[in-house]
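Construct the complete structure from the given sequences, taking the supplied hints into account.
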Amino acid sequence: MSKTRENALFDELMIRLKSLGYTVYDYKQLDDVPYPFFEMEDTQTIFQPNKTDIKGSVNISLSAWGTL
Numbered sequence: 001m002s003k004t005r006e007n008a009l010f011d012e013l014m015i016r017l018k019s020l021g022y023t024v025y026d027y028k029q030l031d032d033v034p035y036p037f038f039e040m041e042d043t044q045t046i047f048q049p050n051k052t053d054i055k056g057s058v059n060i061s062l063s064a065w066g067t068l
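Numbering follows the working numbering, in which position 20 of the sequence shown is assigned residue number 20; successive positions increment by one, without gaps.
If you're looking for bench data, these hints aren't it; they were derived computationally from the structure.
Note that beta-carbon positions come from the ideal geometry of N, C-alpha and C, so glycine has one too.
Among the hints, erroneous ones may be present.
Pair by pair, the computed Cβ-Cβ distance ranges are [unchecked claim]:
| id | residue 1 | residue 2 | range |
| --- | --- | --- | --- |
| 1 | S2 | W65 | 28 to 34 Å |
| 2 | Y35 | S57 | 27 to 33 Å |
| 3 | T52 | Y22 | 26 to 32 Å |
In structure tokens form, the structure reads like this:
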């Protein structure tokens, strides 16, 4: 089964953030969690069809939480 563009990009971004040692959540946490962490919020695909194929872009909303 192949992944959609959104899923592939979402998964790759999560893997890379985790490989850098960050905690990553794909949903809003109900309890307090220690900083720093990333929250994957939303993905959106915008298709741009033309005569021969369908192109597009994927937007990802990502929140970085930490302290100064």
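Here's how the hints hold up against the structure:
{"no.": "1", "hint": "S2 x W65: 28 to 34 Å", "verdict": "33 Å, holds"}
{"no.": "2", "hint": "Y35 x S57: 27 to 33 Å", "verdict": "31 Å, holds"}
{"no.": "3", "hint": "T52 x Y22: 26 to 32 Å", "verdict": "40 Å, violated"}
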